[in-house]
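Participant: The primary structure of each chain is shown beneath.
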Amino acid sequence: KAGVTQTPRYLIKTRGQQVTLSCSPISGHRSVSWYQQTPGQGLQFLFEYFSETQRNKGNFPGRFSGRQFSNSRSEMNVSTLELGDSALYLCASSLLLAGAEQFFGPGTRLTVL
Amino acid sequence: QQQVKQSPQSLIVQKGGISIINCAYENTAFDYFPWYQQFPGKGPALLIAIRPDVSEKKEGRFTISFNKSAKQFSLHIMDSQPGDSATYFCAASIKGGTSYGKLTFGQGTILTVHP
Numbered sequence: 001k002a003g004v005t006q007t008p009r010y011l012i013k014t015r016g017q018q019v020t021l022s023c024s025p026i027s028g029h030r031s032v033s034w035y036q037q038t039p040g041q042g043l044q045f046l047f048e049y050f051s052e053t054q055r056n057k058g059n060f061p062g063r064f065s066g067r068q069f070s071n072s073r074s075e076m077n078v079s080t081l082e083l084g085d086s087a088l089y090l091c092a093s094s095l096l097l098a099g100a101e102q103f104f105g106p107g108t109r110l111t112v113l
Numbered sequence: 001q002q003q004v005k006q007s008p009q010s011l012i013v014q015k016g017g018i019s020i021i022n023c024a025y026e027n028t029a030f031d032y033f034p035w036y037q038q039f040p041g042k043g044p045a046l047l048i049a050i051r052p053d054v055s056e057k058k059e060g061r062f063t064i065s066f067n068k069s070a071k072q073f074s075l076h077i078m079d080s081q082p083g084d085s086a087t088y089f090c091a092a093s094i095k096g097g098t099s100y101g102k103l104t105f106g107q108g109t110i111l112t113v114h115p
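First to last, the protein sequences are chains A and B.
When you line the first sequence up against the numbering used here, it's residues 1 to 113, in that order.
When you line the second sequence up against the numbering used here, it's residues 1 to 115, in that order.
The set of hints was computed from the structure by calculation and includes no laboratory data.
Among the hints, a few may not be true.
[Unchecked claim] With the C-beta cut set under 10 Å, the calculated list includes, among others, these residues of chain B facing chain A: (1) ALA24; (2) ASN27; (3) LEU46; (4) PHE62; (5) PHE66; (6) ALA70; (7) LEU103; (8) THR104.
[Stated by the list, open to error] 30 Å max Cα-Cα, derived DSS-like pairs, lysine-lysine: (9) B:LYS5 x A:LYS57; (10) B:LYS15 x A:LYS57; (11) A:LYS13 x B:LYS42; (12) B:LYS58 x A:LYS57.
[What the hints assert, rightly or not] Quick list of simulated restraints, FRET-style, between CB atoms: (13) B:ALA29 x A:ASN71: 29 to 35 Å; (14) A:LYS13 x B:LYS58: 43 to 49 Å; (15) A:LYS13 x B:THR28: 27 to 33 Å; (16) A:THR38 x B:ASP31: 43 to 49 Å; (17) A:GLY40 x B:ARG51: 27 to 33 Å; (18) B:PRO82 x A:THR7: 30 to 36 Å; (19) A:GLY84 x B:SER10: 35 to 41 Å; (20) B:ALA45 x A:ARG73: 33 to 39 Å; (21) B:PRO52 x A:GLU52: 31 to 37 Å; (22) A:THR53 x B:PRO115: 27 to 33 Å.
Note that beta-carbon positions come from the ideal geometry of N, C-alpha and C, so glycine has one too.
All chains should be built: construct the whole structure from the sequences, respecting the hints.
Facilitator: Structure (structure tokens):
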């Protein structure tokens with residue numbers, strides 16, 4: 001069974017631009033969570049989607065948004081990029097309704113110049 | 001507010017030794033405690049997980065010890081190997097409610113196993 005896939009793997013943007021990252025969960029998984037990983041702040045929860053509905057959101061500004069499609073694929077968008085948005089963005093999928101056991105993709109490395 | 005505190009930040013162990021990483025949590029509503037292993041350039045991989053109704057869980061060389069009263073849990077890696085060199089994260093989550101899909105992570109421990 002294929003794992004979680006994320007595209008693109010690497011991205012370079014400039015301040016003020018916007019970016020869209022994509023995540024395809026493991027087949028059959030309906031819950032998708034997004035995390036930001038930085039050396040200073042570690043792994044921080046962004047949001048979680050289940051059946052196209054956002055069920056939970058972390059403490060990030062409104063510039064960070066996401067959505068989930070009917071096939072469970074998910075996208076996250078960051079608008080008006082700032083230097084501090086440079087990070088590894090990780091997507092995790094889960095089979096269980098409660099989303100406890102999560103499996104991570106390889107991440108998208110975003111660099112903001 | 002850091003709800004999961006992990007120590008040490010880095011750990012150096014000789015091949016064949018025991019690696020021990022500790023985590024402490026604050027929120028007593030947490031009821032699921034996984035450990036993840038991350039290699040450079042890769043996403044975190046689920047290693048082993050425990051729920052608070054058991055005090056210990058073992059899978060191969062990896063063991064989680066859980067102390068509910070102290071709100072602490074730890075990862076023991078027996079017979080540590082150079083291939084175990086990676087960053088390890090403890091995490092915690094609440095099943096259901098308004099905390100769907102949210103893992104709260106510790107800050108990570110960089111483990112180096114010398115041959």
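Participant: If a hint holds in the structure, say so; if it doesn't, say that too.
Facilitator: Taking the hints in turn, this is what the structure says about them:
no., hint, verdict
1, ALA24, "15 Å, violated"
2, ASN27, "14 Å, violated"
3, LEU46, "6 Å, holds"
4, PHE62, "16 Å, violated"
5, PHE66, "15 Å, violated"
6, ALA70, "22 Å, violated"
7, LEU103, "6 Å, holds"
8, THR104, "7 Å, holds"
9, B:LYS5 x A:LYS57, "22 Å, holds"
10, B:LYS15 x A:LYS57, "42 Å, violated"
11, A:LYS13 x B:LYS42, "21 Å, holds"
12, B:LYS58 x A:LYS57, "33 Å, violated"
13, B:ALA29 x A:ASN71: 29 to 35 Å, "33 Å, holds"
14, A:LYS13 x B:LYS58: 43 to 49 Å, "45 Å, holds"
15, A:LYS13 x B:THR28: 27 to 33 Å, "41 Å, violated"
16, A:THR38 x B:ASP31: 43 to 49 Å, "28 Å, violated"
17, A:GLY40 x B:ARG51: 27 to 33 Å, "31 Å, holds"
18, B:PRO82 x A:THR7: 30 to 36 Å, "32 Å, holds"
19, A:GLY84 x B:SER10: 35 to 41 Å, "25 Å, violated"
20, B:ALA45 x A:ARG73: 33 to 39 Å, "22 Å, violated"
21, B:PRO52 x A:GLU52: 31 to 37 Å, "32 Å, holds"
22, A:THR53 x B:PRO115: 27 to 33 Å, "50 Å, violated"
Going through the hint list in order, the structure does not satisfy hints 1, 2, 4, 5, 6, 10, 12, 15, 16, 19, 20, 22.
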